[in-house]
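Residue strings, one per chain:
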Amino acid sequence: MSDLRTHAAEIAEQFSDHLDVTEDEIEERLQTLVDEYRVPVDEARRSVVNSYLDEAGIERDDISRGGGGSQQVKVADVDEDEQWVDVRVKVVDLWEPGHESIAQVGLLGDESGTIKFVAFETSELPELEEGACYALSNVVTDEYEGRFSVKLNRTTTITEIDEDIEVGDDASEVEGALVDIQSGSGLIKRCPEPDCTRVLQNGRCSEHGNVEGEFDLRIKGVIDDGRQVHEVIFDRETTETLTGIALEEAKDMAMDALDTTIVAEEIRADVLGSYYRVRGPTFGRYLLVDEFERLDESPDPEAVLIKARSMA
Amino acid sequence: MSSNAVPMREVAQRVFATEFNDASHTFKESDDERAPVYLLLPTGERANRVFLVGTLTEKEDVGDDNEYWRGRIVDPTGTFFVYAGQYQPEAASTLRDLEPPAYVAVVGKPRTYETDDGNVNVSVRPESITEVDAATRDRWVVETAERTVDRIEAFDDESNEYGVMARERYDLPVERYTEAAVGALESLEGTDELATDGDAPAGDAGTPEPEP
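One line per chain: the protein sequences are A and B, in this order. FYI, in my numbering the residues of the first sequence are 1 to 312. FYI, in my numbering the residues of the second sequence are 313 to 524.
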């Protein structure tokens, strides 16, 4: 019986915006079909949903697809734009919304990793709580520069679940020589518009035009182990630790030289050609460095030597 | 995904000087004018980019009107020649400023040049040159030995098209590169032993290890 109750609850939630039906009412209709008419539960559910769709005068696509339609996915598997999906997640982090149209923004996680989420004011959804776990159905995937997120929307149903989801680590680790520091590294300026942070090109933001940029430090580098190349990004914090050049110092250097590129040059001379092990989450083509280690201990040639001698 | 739109960056091959200098055959894999040019390594790999670390022993401005710097960079097996001119301003200015001897790391493109007598000289056109420490140089030697041995191991695989190509183009037994790798690794062990011997009672003191 409780099974039917669950179905009833889901259907009630799906139609909560459109019809004034109670769970009891829905359960009764389901029960009639299943118990009296021997209709399989799935079919009963379908039939009940259809009758409510008729009643509300709406299309199936207009309501959330609950347990039926959209696909249950792990967050690390999200790799396509504009897919309707269901996720079971823990709220890992909530950030300060950068714009008044945004109700909530933060990070969701499941066993496979983490993903950014955004909920808009207009969707009028209940607030998610940090640290709590939810089944979210009917969220839409989104992509920006190879980085995926999910958007909660008007049709999203939020069900708090009583289990503690262990959030997986989607960090990867690569090791090799730092063989390139790409343009857009060193002392850069970012767009100050809320939630934008795009890097300015000649003082221009591709979205907001000419703006008074805010200084930042970063390194876009290439780590190469002779087999594969990995593009990595050091943010301000890791760049400061790696180079020993703090943002203020970088600004002073640029001011003295009347040239911001001197910072990248200094960094190049300092770190290029050395070996590093870096670790962090991957977004699109980039690994965002959380932790790194300079490999400056002398390596042990023994293992390779034994192998080489055996072939000689 | 959006990453598909970006052409893959060429990996930097690890190759000892002796093998690099034995190479002479270059090829493209498409008719496109801008298609990458590869140097065929004798151990059966294509190299559009190399990463090397060694000792800069000499530098000289060999240019006429413009600066054109030549650097000799030595590894345990031989010497790499690196040329940097006005189109490699950063590498050229690094070479100008460096005082040999110094450990340097070079990322660059292989270049071949046919001499009047029909020989092919191979050099490196650097994308970057930076001064590094001894540990980085030792790590490169071990890594390069490992990559070399891996290539030799895969040399006879039927599916290894560059192994097949190397057999066709070169008359160079790959065993010599196994020996070069062994020698390079042994040169590291030598310096290790020397370091430990420093604490031991002086018995065979007085014979300083020659610079590799």
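Rather than coming from a laboratory, the hints here were simulated on the basis of the structure. Note that this is a predicted model, so its numbers are computed, not measured. By construction, the Cβ of each residue, glycine as well, lies at the ideal position given by its N, Cα and C atoms. Among the hints, erroneous ones may be present.
Computed, partial: chain B to chain A, Cβ under 10 Å [said to hold, decoys possible]: (1) 325; (2) 363; (3) 424; (4) 426; (5) 450; (6) 459; (7) 470; (8) 472; (9) 473; (10) 476; (11) 477; (12) 480; (13) 483.
Footprint (simulated), chain A over chain B, 3 or more residues, beta carbon under 8 Å [stated by the list, open to error]: (14) 369-383; (15) 389-399; (16) 442-449; (17) 461-469.
Taking the hints in turn, this is what the structure says about them:
Because the closest C-beta pair between residue 325(B) and chain A is about 6 Å apart, less than 10 Å, the hint holds. Hint status for residue 363(B): holds, given a least beta-carbon distance of 6 Å to chain A, under 10 Å. Hint on residue 424(B) is violated. Least Cβ distance to chain A is approximately 21 Å, over the 10 Å limit. About 28 Å separates the beta-carbon of residue 426(B) from the nearest beta-carbon of chain A, more than 10 Å, and the hint is not met.
With its C-beta approaching chain A no nearer than about 5 Å, residue 450(B) sits inside the 10 Å limit, and its interface hint holds. The interface hint given for residue 459(B) is met, as the beta carbon of that residue sits about 5 Å from the closest beta carbon of chain A, less than 10 Å. The beta carbon of residue 470(B) comes no nearer than 19 Å to any beta carbon in chain A, farther than 10 Å, and the hint placing it at the interface is violated. Against a cut-off of 10 Å between C-beta atoms, the interface hint on residue 472(B) is violated, since the closest Cβ of chain A lies about 15 Å away.
The criterion of a C-beta within 10 Å of any C-beta in chain A is not met by residue 473(B), whose closest approach is roughly 17 Å, and the hint is violated. For residue 476(B), the interface hint is violated, since its Cβ never comes within 10 Å of a Cβ in chain A; the closest pair sits about 20 Å apart. A cut of 10 Å between beta carbons decides the hint on residue 477(B): the least distance to chain A is about 19 Å, and the hint is violated. Here the hint on residue 480(B) is broken, as its CB sits about 23 Å from the closest CB of chain A, past 10 Å.
For the restraint placing residue 483(B) at the interface with chain A, the shortest Cβ-Cβ distance is roughly 20 Å, beyond the 10 Å limit, so the hint is violated. Coverage of the stretch 369-383 of chain B by chain A is violated in this model, with 0 residues showing a Cβ closer than 8 Å to a Cβ of that chain against a need of three. Counting residues of the stretch 389-399 of chain B whose C-beta sits closer than 8 Å to any C-beta of chain A gives 0, which falls short of three, so the coverage hint is violated. With 7 residues having a Cβ less than 8 Å from any Cβ of chain A, the stretch 442-449 of chain B passes the three-residue criterion, so the hint holds.
Here's how the stretch 461-469 of chain B fares: 3 of its residues keep a CB closer than 8 Å to some CB of chain A, so the rule of at least three is met and the hint holds.
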